[in-house]
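Asker: Sequence:
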Amino acid sequence: MRTAATPSDPRAVVLYLHGYNDYFFQAHLAEAFTDAGYAFYALDARRCGRSLRDGDVPHYQDDLHEQANDLSNAVRVLRQRHPGVPLVVNAHSTGGLVASLWAHSLRDAGVPDALVLNSPFLDIGASRWLRAAASRVVDLGAQLAPQRPLTSAPSYYATYQHVSAGGRWTFDTELKRTTGVPARAGWVRAVLRGQARIARRLAISCPVLVARSDASGPDSPTNPDLDRQDTVLNVANISRDAPLLGDRVDELVVEGGVHDLVLSAAEPRAAYLEGVLAWLDGALAPGVREPAVQTGTGA
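My numbering applies: residue 904 is where the sequence shown begins, and numbers increase by one.
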């Protein structure tokens, strides 16, 4: 967990959780929050980013409770550092799936005070019957060989974000791999189970903001809109599933945004950051919700 320069009297604490084949390197996100008066922390979950250890299978987890427990442990530390201060969880992609299930599990404890989801991985994108059939096949495969790769392909999205290919960002390509990270059977099973739980509707008790691009497209070097579309997830599915998270869900649509909206071109990136901060002004306004004081574990 890393922290940016922390205001002496923060209006809230923001805890960030990354997605698959990712880690925290978006220093400009931390700066945007701290400039607005928030304390900002980011978590590299186990076997991801700076938490990767020799012998680890990168980004592998066969139960989403694992990263949910990482979130709870981080929150416990932040509660000690910033007692009585509202907590915001900001999560991206698969991290958004984990954070949604985690927030649902802690709905009676009042944790977190607000949830900001950046292109959350709420649905795998298949029809209901195909998803059910795929789940059965993946369940069997995960029992027999949980670490068997089911898909493996380069990430053109990551490639064209990196400065070496003319992109805007510098990041460690061992921690966010342009070659991609194989999706293994145990991980896919865990994701499908988490998404099936969302399909049955959650009851997250805090305000939720679901942010997404306005368009999706293929993750292909021949896609002329590779730098202005979500080329990882189907944004229509994100929009469709967002209301399943709870009773207080708002949507922020960012025209020209990429999958990680924070890595978009200047204009959509600014629109995302301004939209999030404006939404938090309302979500955390006095009288809207009292600061949460308890934490728990599990999703």
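These aren't lab readings, by the way, just hints derived from the structure by calculation.
Just so it is clear, CB atoms sit at the ideal spot from N, CA and C, and this is done for glycine as well.
Hints are supplied without guarantee of correctness; some may be wrong.
Said to hold, decoys possible - Derived Cβ-Cβ restraints for the label pairs, each shown as a range:
(1) Trp1072 with Asn1126: 33 to 39 Å
(2) Asn1137 with Arg953: 28 to 34 Å
(3) Pro961 with Glu1177: 29 to 35 Å
(4) Trp1072 with Ser954: 17 to 23 Å
(5) Trp1072 with Pro1146: 16 to 22 Å
(6) Gln983 with Asn1126: 17 to 23 Å
(7) Thr1125 with Asp938: 23 to 29 Å
(8) Ala1012 with Glu1170: 37 to 43 Å
(9) Pro910 with Ser954: 34 to 40 Å
(10) Asn1137 with Ser1055: 17 to 23 Å
(11) Ala1056 with Pro1189: 45 to 51 Å
Asker: Given the hint of 16 to 22 Å, is the C-beta distance from tryptophan 1072 to proline 1146 inside that range or not?
Answerer: Taking Cβ atoms as reference, tryptophan 1072 and proline 1146 lie about 32 Å apart, which means the hint is violated.
Asker: Quick one: are asparagine 1137 and arginine 953 within 28 to 34 Å, going by C-beta?
Answerer: Cβ of asparagine 1137 to Cβ of arginine 953: about 31 Å, so the range 28 to 34 Å holds.
Asker: Tell me if the beta carbons of glutamine 983 and asparagine 1126 are separated by a distance inside 17 to 23 Å.
Answerer: 46 Å, violated
Asker: For the hint 45 to 51 Å, verify it against the beta carbon of alanine 1056 and that of proline 1189.
Answerer: With Cβ atoms ~48 Å apart, the hint holds.
Asker: May I ask you to test the hint 23 to 29 Å on the CB atoms belonging to threonine 1125 and aspartate 938?
Answerer: 39 Å, violated
Asker: Confirm or reject the claim that tryptophan 1072 and asparagine 1126 have a C-beta distance inside 33 to 39 Å.
Answerer: 19 Å, violated
Asker: With 34 to 40 Å as the target window, see if proline 910 and serine 954 comply at their CB atoms.
Answerer: Hint violated: Cβ distance 26 Å, outside 34 to 40 Å.
Asker: Check the following: the C-beta atoms of proline 961 and glutamate 1177 are separated by a distance inside 29 to 35 Å.
Answerer: 34 Å, holds
Asker: Holds or violated: 37 to 43 Å for the Cβ distance of alanine 1012 and glutamate 1170?
Answerer: Holds: the Cβ-Cβ distance is about 39 Å, inside 37 to 43 Å.
Asker: Within 17 to 23 Å or not, the Cβ separation of asparagine 1137 and serine 1055?
Answerer: Distance hint for asparagine 1137, serine 1055 holds at roughly 21 Å.
Asker: State, for the Cβ atoms of tryptophan 1072 and serine 954, whether the hinted interval 17 to 23 Å holds or is violated.
Answerer: With a Cβ separation near 21 Å, tryptophan 1072 and serine 954 satisfy 17 to 23 Å, so the hint holds.
Violated hints, in rising order: 1, 5, 6, 7, 9; the structure is consistent with all others.
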